[in-house]
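Each chain, written out:
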Amino acid sequence: MLKIKNLTKVYGTFKAVDNLTLDIEEGEIFGFVGPNGAGKTTTMKMVSTLLNSTEGEIYIDGLDISKNIKQAREKIGYMPDFFGVYDNLKVDEYLEFYGNVAGLSREQIVAVSDDLLELVDLKAKKSSYVDSLSRGMKQRLCLARSLIHNPKLLVLDEPASGMDPRARVQMKEILKELKKMGKTILISSHILPELAEICTTIGIIENGKIVIKGPVEEIVNKISSGNNTIKIKLVESNPNTIRLLEEDPLVGNIYENGRILEIEFNGDEEDTFKLIKKLVNKEIPIVSFNHIERNLEEIFMKVTKGGEE
Amino acid sequence: MNPILKKELKIKMRSWKVVAVMMIYLLALGGLILLMSSNIFMGYGSGYGIRPEEISTIFIFIVMAQLGLILLIAPATTANSISGERERGTLDLLICTRMSSLSLVVGKLLASIAEVVLLLIVSIPVLSIIFLFGGISLSNILLIFIFYVITAILFGSIGIFMSSFFKKTTTSTIMSYFVTALLAGGTVFIVLAMEVFYFRPNGVSGFLNSFPKILYLNPFVVLLGVLDSFMGQGMLTDIFGLKGSTKLIVINMLFSIITSMILLYLSSIKINPMKGLKSKNK
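Residue numbers (UniProt numbering), protein chains in the order written: chain H, 1 to 309; chain D, 1 to 282.
Isolated chain D, as found in the complex (with noise of 0.2 Å):
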């Protein structure tokens, strides 16, 4: 096991703050929930009866609400993972032993992945809610998990290394939530400006024709795309003209393992007191 996930877990499972975003998780998740769900049941009551479709409508808001947790969750157990070292002066301590930095910032990783993974096992008691009205399977349910992993990976690699490159963890916590709101809403916003003052001027639409290439980064869209495919609510195709697909799902996935590959290799490198020795000697 890496040395610094098992030293992460125990520290992390020792102290008050686990169980504080855990509470705080399944109450914001489950807050939302009653908050949807409250209009569906007054419908039962005034006679309207359940509607299967409300229950998926909840499902939907739950899967993509939960999304929003993670994309706030993410960089923020890693924005301090490399700078917080730094800040408290151990880092020194492990880069100077036999362990590669390499190892270093993959073991932060997997401990802030540990914790997003804690967090979706204890919400699958509010997420089985679904299973009482039907119409999505486990498997499904298994991608959409899958999914949030890699998403975790891909967000908790962008706080590492914004934690390696900025020696502040405040700088390095506002650089990650930048990048985070840049993907998870910033494509949005471009592709929609994009319509709004340079296609329908021009006569045409942009994305009714063909789904633009961007929004492949934006993790709300990719799962929105997944459970319209799922559930053939034809949510994708009202807004942005594409019939939901599991090669949202696939291209996305592979964006964001070959990006975090990436960045933890920079994260690495740019930790390495010695970089540059090697070629500089040959």
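With the rest of the complex left out, here is chain H (with noise of 0.2 Å):
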């Protein structure tokens, strides 16, 4: 569905995209990571044909969208991270000026702003002015908005950046929705785990280039094997068991809380049932043995430097 091949841009001196390539499925969801000046924002907008690229193409359902602007449009819904709404206009009147312009007729606009306020739970708030919505739902308006000329693609930019916790879940139940719908969707986030948890694809940029990319439970896999933390919750606080895991070769650091232990484990699930049924053989008192999973956002941090804006 969407295709960007060596795509660069350069400020000045400054290239803020470099040379990146990238394959998104029909019916994928690409979460696209990164910091604050990774070139996020500079990619979306470059495939949302709201930038020109320096080099590099971009195709979009087939389409090279440098010849086909018009074309490649129709296939687009963008949310920018920024919007603004229009003072003294409503909620259906937003739709149906938005509409207008994506040049549907009054009937279209009719028959899908309906569904597509039901969808972003908005229906009750047809005729308020949008002006007065609360930030979540300016948020769930804008995507009704990107939705409402039925696009292929869906570029969402911060989707849910200041929301508060509750209208961050209602966006990602919209989301996941639109994954049912069959929408392609490239979702970038700064909310790791939610990302984690709608996108099928992910991909880290940092400094304009892909670092890492691919499906979120392979990328898990791949950073965290062989370098796990365990939680081990004791009865009581006993030295034998530290003596005890110190032994074994593959147990790293040892880090005590009272009766709770976390200990670096580089070994695989294999050797992580070795060391049960020694604890276990040894009579230490374990009340609970947790492995923690490695989630998106310690693979963002350690995958990426960190950049400056």
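Treat the hints as calculated values from the structure; they're not laboratory data. Any given hint might turn out to be false.
For lysine-lysine, the following DSBU-like pairs were computed, each having C-alpha atoms within a straight-line distance of at most 35 Å [what the hints assert, rightly or not]:
#1 H:Lys176 with H:Lys90
#2 H:Lys123 with D:Lys213
#3 H:Lys90 with H:Lys172
#4 H:Lys70 with D:Lys270
#5 D:Lys247 with H:Lys90
#6 H:Lys180 with H:Lys90
#7 D:Lys6 with H:Lys152
#8 H:Lys179 with H:Lys3
#9 D:Lys270 with D:Lys12
#10 H:Lys123 with H:Lys67
#11 D:Lys17 with H:Lys125
#12 D:Lys17 with H:Lys75
#13 D:Lys6 with D:Lys213
#14 H:Lys67 with H:Lys176
#15 D:Lys17 with H:Lys67
#16 D:Lys17 with D:Lys168
#17 D:Lys12 with H:Lys90
#18 H:Lys70 with D:Lys247
#19 H:Lys75 with D:Lys270
Keep in mind that this is a model prediction, so the values were computed, not measured.
Put the complex together from the two separate chains, hints included.
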């Protein structure tokens, strides 16, 4: 659905996007992760025909966007990280306006706007003025706006930024719904655990380059393999436990916090089983034994050096 | 109907600002008429009677004042049209649609013109005072109204051009009024300066023999010339040595239309983020 080939954007001497190549299949939800100033928004703006690239090609549904701007725009639904609304315009009029701009007839607009307002849970606010809505509602309305012309590709730049936890959950549910509808989505976010939950694939970008990309689980496994954290809770603090653990060559640092031990463990699942067995055989009073999974946030911190905006 | 025009009209008509602008406009126009006519009617009271030429002076004054108000309003309604969308964060949402950037700027201009036309319509009762005394036909009034609208298109286009060229509304507004002042006052100033500092010291009068071409761009001079041709007052002859004629208005309106088209086209190119891409890929 979206093919990006050797995309580069240069501002003066600064390379905002550096030879970026990406391939997103139809129905895929691609999470774009990266520190501030990494080139996420620049890439998304180029995909959305809002910024000219210095080099490289972008194809949407097989169309070269530089040669078919109008047709490409019909296939894209864009939601920026920062956007405004018009005063004195009601929610349904807002959608009607963007429907008109997209070239839809009045009948088509009426037919889709109710469904869209239901999808984003704003049907009750249909006759409210847009500027009276909360930030979360405005974000959802903007998402509905981006869907008015039924685009194949959605480009969502930080759709949940500035939202409170409840609004973020609502946005996540909407995105899950869109996933079910088969939309192809390119989404950037700083709320990494949420991306992991929604996305089929992620790409981590830093200094305009993709550092790592692939299915979420694959990336998590790749980064985490042989570098786990295990949390052990004991009935009571026991010095023998630490001595026993220190003897194991696969155990790295051990952090003791009363009855709780956190250990760095460089083994696989089989090694973990052996460690548990050893502790149990030595009658160590274990209450619980948890394998702490590395999440997207930790992976993000590990693979990026942290850019400055 | 252009969706931008439709939306702008909806938003503007809901706002109290339109009513406020109409009130201020009519108060300003009515105030000027009262001021002018008070002298005439005071003369009537002291036994001199009302002379028709004094009424036509009022009419000329009103028509010129109305042009002045249009020159104030047209740039004001357009100088924030594109920069305002940019500042509000709504420009990108409009650009990444199938609507062309030319439709966007034309829609913005039409919305501004609609506001000016509304003001012209509400001012008709005020202007109709001239019909009480005759001397001006309906077709003359119609021509003046067409001139107003075309002048509003030119100065509105200047506002849109500045708004698309400059990112900040403040800069765009200042530049729009600068160009307006240049056309409406600067052209006269240049001609007078040339006369005083160049022609007269050399013993000739520059514009007594030929009408300075630069004044074809000045809406006030053009309107004065047209009123001259309607009423035969010889105002332009007194000032610039030119007999009033409708040739002035034709040339000026052609200039306004062509310049507006160029400015709108340049504005549409300026706001299109993908400009130059096709040529790059050829």
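Violated constraints from the hint list, given by number and in increasing order: Per hint list: 2, 5, 10, 12, 13, 15 and 18 violated.
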